[in-house]
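Generate coordinates for the entire structure from the input sequences, incorporating the hints supplied.
If you're matching them up, the sequences are chains B and D in order.
If you're matching positions, the first sequence starts at 1 in the numbering used here and goes up one per residue.
If you're matching positions, the second sequence starts at 1001 in the numbering used here and goes up one per residue.
Keep in mind the hints are simulated off the structure, nothing from the lab.
Backbone N, C-alpha and C define an ideal beta-carbon position, used for all residues, glycine too.
Among the hints, a few may not be true.
To be verified - For lysine to aspartate or glutamate, the following EDC-like pairs were computed, each having C-alpha atoms within a straight-line distance of at most 20 Å:
| # | chain 1 | residue 1 | chain 2 | residue 2 |
| --- | --- | --- | --- | --- |
| 1 | D | K1191 | B | E295 |
| 2 | B | K298 | D | D1301 |
| 3 | D | K1020 | D | D1089 |
| 4 | D | K1188 | B | D252 |
| 5 | B | K217 | D | E1227 |
To be verified - Footprint (simulated), chain D over chain B, 3 or more residues, beta carbon under 8 Å:
| # | segment |
| --- | --- |
| 6 | 185 to 192 |
| 7 | 202 to 212 |
| 8 | 225 to 234 |
| 9 | 249 to 260 |
Here's the letter readout for the chains.
Protein chains: 2
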Amino acid sequence: MSLVTVGSVAFDAIETPFGKTDKIIGGAGTYIAFSSSYFMEKQNIVSVVGEDFPQEMLDKLKTRGVNLEGLQIKQGEKTFFWSGKYNNDMNSRDTLVTELNVLEHFDPIIPESYQGCDYLMLGNLSPQVQLSVIERLTERPKLIAMDTMNFWMDIAMDDLKKTLKEIDILIINDEEARQLSGEYSLVKAAKAIRAMGPKYLIIKKGEHGALLFHESKVFFAPALPLEEVFDPTGAGDTFAGGFMGYIASTDDYSFENMKRAIIAGSAMASFCVEQFGTEKLENLSKQDIENRITEFVKLTDFDMVQTV
Amino acid sequence: MSLVTVGSVAFDAIETPFGKTDKIIGGAGTYIAFSSSYFMEKQNIVSVVGEDFPQEMLDKLKTRGVNLEGLQIKQGEKTFFWSGKYNNDMNSRDTLVTELNVLEHFDPIIPESYQGCDYLMLGNLSPQVQLSVIERLTERPKLIAMDTMNFWMDIAMDDLKKTLKEIDILIINDEEARQLSGEYSLVKAAKAIRAMGPKYLIIKKGEHGALLFHESKVFFAPALPLEEVFDPTGAGDTFAGGFMGYIASTDDYSFENMKRAIIAGSAMASFCVEQFGTEKLENLSKQDIENRITEFVKLTDFDMVQTV
Chain B
1 MSLVTVGSVA
11 FDAIETPFGK
21 TDKIIGGAGT
31 YIAFSSSYFM
41 EKQNIVSVVG
51 EDFPQEMLDK
61 LKTRGVNLEG
71 LQIKQGEKTF
81 FWSGKYNNDM
91 NSRDTLVTEL
101 NVLEHFDPII
111 PESYQGCDYL
121 MLGNLSPQVQ
131 LSVIERLTER
141 PKLIAMDTMN
151 FWMDIAMDDL
161 KKTLKEIDIL
171 IINDEEARQL
181 SGEYSLVKAA
191 KAIRAMGPKY
201 LIIKKGEHGA
211 LLFHESKVFF
221 APALPLEEVF
231 DPTGAGDTFA
241 GGFMGYIAST
251 DDYSFENMKR
261 AIIAGSAMAS
271 FCVEQFGTEK
281 LENLSKQDIE
291 NRITEFVKLT
301 DFDMVQTV
Chain D
1001 MSLVTVGSVA
1011 FDAIETPFGK
1021 TDKIIGGAGT
1031 YIAFSSSYFM
1041 EKQNIVSVVG
1051 EDFPQEMLDK
1061 LKTRGVNLEG
1071 LQIKQGEKTF
1081 FWSGKYNNDM
1091 NSRDTLVTEL
1101 NVLEHFDPII
1111 PESYQGCDYL
1121 MLGNLSPQVQ
1131 LSVIERLTER
1141 PKLIAMDTMN
1151 FWMDIAMDDL
1161 KKTLKEIDIL
1171 IINDEEARQL
1181 SGEYSLVKAA
1191 KAIRAMGPKY
1201 LIIKKGEHGA
1211 LLFHESKVFF
1221 APALPLEEVF
1231 DPTGAGDTFA
1241 GGFMGYIAST
1251 DDYSFENMKR
1261 AIIAGSAMAS
1271 FCVEQFGTEK
1281 LENLSKQDIE
1291 NRITEFVKLT
1301 DFDMVQTV
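What follows is the structure, encoded as structure tokens:
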């Protein structure tokens, strides 16, 4: 089945208690594409970079089966750049620099070959851009997933609410869920958000795992307890990429299969944080991923032979 | 199998965003006893109260099969009193009053009928008192579990380390694990703490669930996502009581059975927070508990038919 990912392809500069990078390759679209590539032989990206973006990195994405036909390279312009510094607990970070550059006037182009795609993953971008992608697809995909962030709730809530009506599954973190709904309880937040449009909601809680809500059903997946979180950048996008890659490759978006997809996404995210940027995601083997998923199964597996 | 619980039986006054109580019945020993009583027909408590403690409440414990032979009633003295106020997020609280009263010189007495007990749960008390209970048992129980708190790490770390050498399983929260070990990563904290003595460690993460560590094995149990947390007081003790009640009733302290016991403890804790104090824990049915445990099974159950 075919998957289209819309998301930034960008430069990041990251500082953590463990070290510091120069400009490295980042962006939601990049992480999603790398992560989903382990589940799909071919997939498609819609994005934009400047002329400063290294061909070598584009080749790496190509090697992993990512179709770049929908990636615009803007001559005379610069790639989106974000720089941030993580605090000692690695749970909070300060943004040092945000240069929108090519993203400022991003007008997504959907190549003809992407039309008729089965699955669509809208990475974090302006809700207007996300909506325009849905509108430019001649056929509605089977399942549309979307990420967003506090920033859009602050400056473009109306657009965001409009876009939310058109999607199936929203993937956000706990802080974002609380801001979007105005509810502190995640159970109440989930109700309020599903009333805005998406039938499914995934709330990511970082090191505390993720929750999937649908109708009266809830599923919880833990994060893998790690000795060291080296760099959390991109973990949420990697999760989303693994999730959608799994859904698209199995062509099954039942609640039962979404649970498996969340485990797959959580496994991918647990790799992401082990090295800076996309490093770890560039060269995993199927065996690595299978072993990691087995660790998740062991972590949560219990057999309740007797209750009380 | 027989279970002995050592822990405070006390008065609490609690304020949450939902309301405020006068002096109600609290204390680690009370919560542990109520919770474990749903798994054990008979059990034994070691504690102390003042002459101001209501007979009616002691009768409630008796009705639930709790043997009060080891509960000292100190004439002319007052019961331990704690008062606290929860902040709006319910995740943090301020202590308003702590009156040690009878706990100040608590010298636990082990009745002859408690000797030879199979399982021992040491609720949060001074590590010296906890150790004295172990020493006063003529035979070592099969499994000794213990809770403690930051306060003892601050003022009695040497005693605490001595007591830790004598127990099998420590049950503390994430903040306490970090303080005790000096490690932020819970995986590293678990290693450091297990090197202090306990072969098993449970780290409680409140609304984020609980982790069980033993040798190279880890198990994770979620907390039930709740619409409303009405009063978190006693949830940790209720968890410990359900855990030890399950272990003692099944007389099986294998890692596999500890996982089930954690689910049982988590289910009991999810009831505890639904009402003020011990209210909800006084009148549960077996069916209530079975239904709640089934919710936990559903919450985490997935079947990974295909990985990658």
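Taking the hints in turn, this is what the structure says about them:
| no. | hint | verdict |
| --- | --- | --- |
| 1 | D:K1191 <-> B:E295 | holds, 18 Å |
| 2 | B:K298 <-> D:D1301 | holds, 12 Å |
| 3 | D:K1020 <-> D:D1089 | holds, 16 Å |
| 4 | D:K1188 <-> B:D252 | violated, 38 Å |
| 5 | B:K217 <-> D:E1227 | holds, 13 Å |
| 6 | 185 to 192 | holds (count 4) |
| 7 | 202 to 212 | holds (count 4) |
| 8 | 225 to 234 | holds (count 5) |
| 9 | 249 to 260 | holds (count 4) |
When each numbered hint is compared with the structure, a violation occurs for hint 4 only.
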